[in-house]
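> For reference, the chains in residue letters:
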Amino acid sequence: MKPINAVEGRAIPLGLKNCDTDVIIPAHFLKVITRDGLGKNAFEAIRAQPGNVFDDPEYAGANILIGGDNFGCGSSREHAAWALNDMGIDAVIAPSFSDIFSGNAFKNGILTVVLPQEAVDRLLEVAKTQPISVELEGQTVTTPFQDRFRFEIDPFRKYCLLNGLDEVGMTLARDSAIGAFEEKMAAERPWL
Amino acid sequence: MSAKPRTLYEKIWDAHVVERRDDGTCLIYIDRHLLHEVTSPQAFEALRIAGRKLRRPDLTLAVADHNLPTTPRVDASGKRLPITDPDSKIQLAELEKNVAEFGVPYIDAIAPEQGIVHVVGPEQGYSLPGATIVCGDSHTSAHGGMGALAFGIGTSEVEHVMATQTLQLTPSKTMEIRVDGKLGEGVTPKDVVLHIIGTIGAAGGTGYVIEYTGNVFREMSIEGRLTVSNMSIEGGARAGLIAPDEVTFAYLSDKPMAPKGEAWAKAIAWWKTLPTDPGAHYDKVVVIDAADIAPCLTWGTSPEDVVPIDGVVPDPMSFADPAKQIAAQKSLDYMGLTPGTRMEDIPVENIFIGSCTNSRIEDLRAAAVVVRGRKLAPNIRQALIVPGSGLVKRQAEAEGLDRVFLDAGFEWREPGCSMCLAMNPDKVPPGERCASTSNRNFVGRQGPRSRTHLVSPAMAAAAAVTGRLADVRKLERMA
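As given, the protein sequences belong to chains U and W, one line each in that order. Just so we're aligned: the first sequence equals residues 468 to 659 in the numbering used here. Just so we're aligned: the second sequence equals residues 562 to 1040 in the numbering used here.
Derived by calculation from the structure, the hints in this document are not laboratory data. Just so you know, not all the hints are guaranteed correct.
Below, computed lysine to any residue pairings styled on SDA-like, alpha-carbon distance capped at 20 Å [to be verified]: (1) W/827 - U/576; (2) W/821 - U/496; (3) W/614 - U/654; (4) W/891 - U/496; (5) W/734 - W/833; (6) W/650 - U/642; (7) W/614 - U/642; (8) W/821 - U/655; (9) U/651 - W/658; (10) U/651 - W/618; (11) W/833 - U/657; (12) W/816 - W/868; (13) W/821 - U/642; (14) W/658 - U/598; (15) U/595 - U/657; (16) W/734 - U/620; (17) W/658 - U/500; (18) U/651 - W/734; (19) W/827 - U/475; (20) W/650 - U/501.
Being a predicted model, the structure only gives us computed values, none of them experimental.
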């Protein structure tokens, strides 16, 4: 996983409450055995509508997405995070995220920023014309208009994102503790 | 034993902590890991690249469900028929290759036990009370109906569990949803959970694990409990829980993978210690009167868009939240509905009875009661009954339910996820409407431009024989 700190650039002002992972990447595109190439099929139903934000040249090359409340709800498919990766999205800002999606995003080096609805509404407005800056170290989102919003993030996730850490490798280093737990369980709960 | 009263969730959590860090994050041991073909290939590939193995293949169980066509899988001579969709074929072959290479127990596509992972786990006795159960599928929450802490994970977490048999997790908040009283006529477990989601909202449970309490759940069968817990994720909660009790033990007593003999006695003794202690604290409590729950269904494109069947399509402006007003208008445009239309006046062309929510034997029995002696309405173009597993299918056939459905004009299919998610040939055609016993009414969920109304099996059956969304209570009186 690549380390991530500052994300600066144009943001796609999607908004949209309850944007689920079927909307992000529909099931018929999940028949893949790699993580690559999902971006071109992302948000298929929205992209079928003329004048949608994803095909608007104004937001070409955007690396931030601004969503609505409960972003990423629904299916656990990590393909949603892979699709955003493939689109070049490094950060998603929303009033709230589903638990599974925010975990999947984190594990793919995508920063999920939770801000109050008012702040998100302001950013949706700014994003129409100006770039936005997200800074993980200082936990702030800023705009060229001097807006400054602070966000909270789990300290462990922040540490992993800043350092690009491989969680599987970190846990494998705890092998002896896991082994000891298994021995204890074999005695206490042998039916498992 | 801790002196402080604990909830069911806290007890299961505490029993699985391998290590606890100062910031509260815990390394949690995973007892059961279900795999299917869609969310596992990239995890196996990552292991292969890193030269890693599965730590505990013996705790893992794989079965294909999402991609498999539900048409016959063998020809008259018993020879396996090929999968025609090339991408599905590759993904299914990849699973078979991976389970062989990594030594994972596997139920193959033509085994009598094959089915949807969340139907197979409980009916095999693989899913047990007090266990931690994960799967790369959000409806893993279903197994909470057995009193297990069960939740969906992404593919990176699938890889993490494969390699370490653990997950790094922070504890969730706890929400009690208590439903006491007597359920009205025609009200099924599906109606109960739809009503709950309509009450708390699609994000109401985000950050929480829900425990369902009250006499309504105590009196519910395991099948019903699995239906309720299954849809916890549609209320935003990664997991749901229903305390194990005599109903749970009786259900498990004859299941092939459940503990036997001395281990069974020891297991029951521990399971009986799991229910929430009197005085334990929940972070949030929601109380619902059973009498307030009607047979209900969805009108929009979020599972929170719930109305009673005798209600009408709501006016978007009736919602207080401006974001919901916009979302509701978009939903109505997509669904092709106008505010004020009576739900019972909405015609449907497709019927789907199946999915990990409602494809167990009780669900098929409930649908058959309504269908028996009736025919599909002339405007129904497609009506599928898709049993959740081969065992459910055989049981239904032994009870003659297949004849009831076939005589009415339904198709009787092989087990799989089918029309729930449009990853296999079963789809709702563009612009058409479906009364579906599945769990998600999202835009495009059952196929591009498909329009889904989530209902119980009895209500899907009522829609099938009337050709419109129908109140099962009135239908039964007509009979």
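> Against the earlier hints, flag every one the structure doesn't satisfy and list their numbers going up.
Hints 1, 2, 3, 4, 5, 6, 9, 12, 13, 14, 15, 18 and 19 not satisfied by this model.
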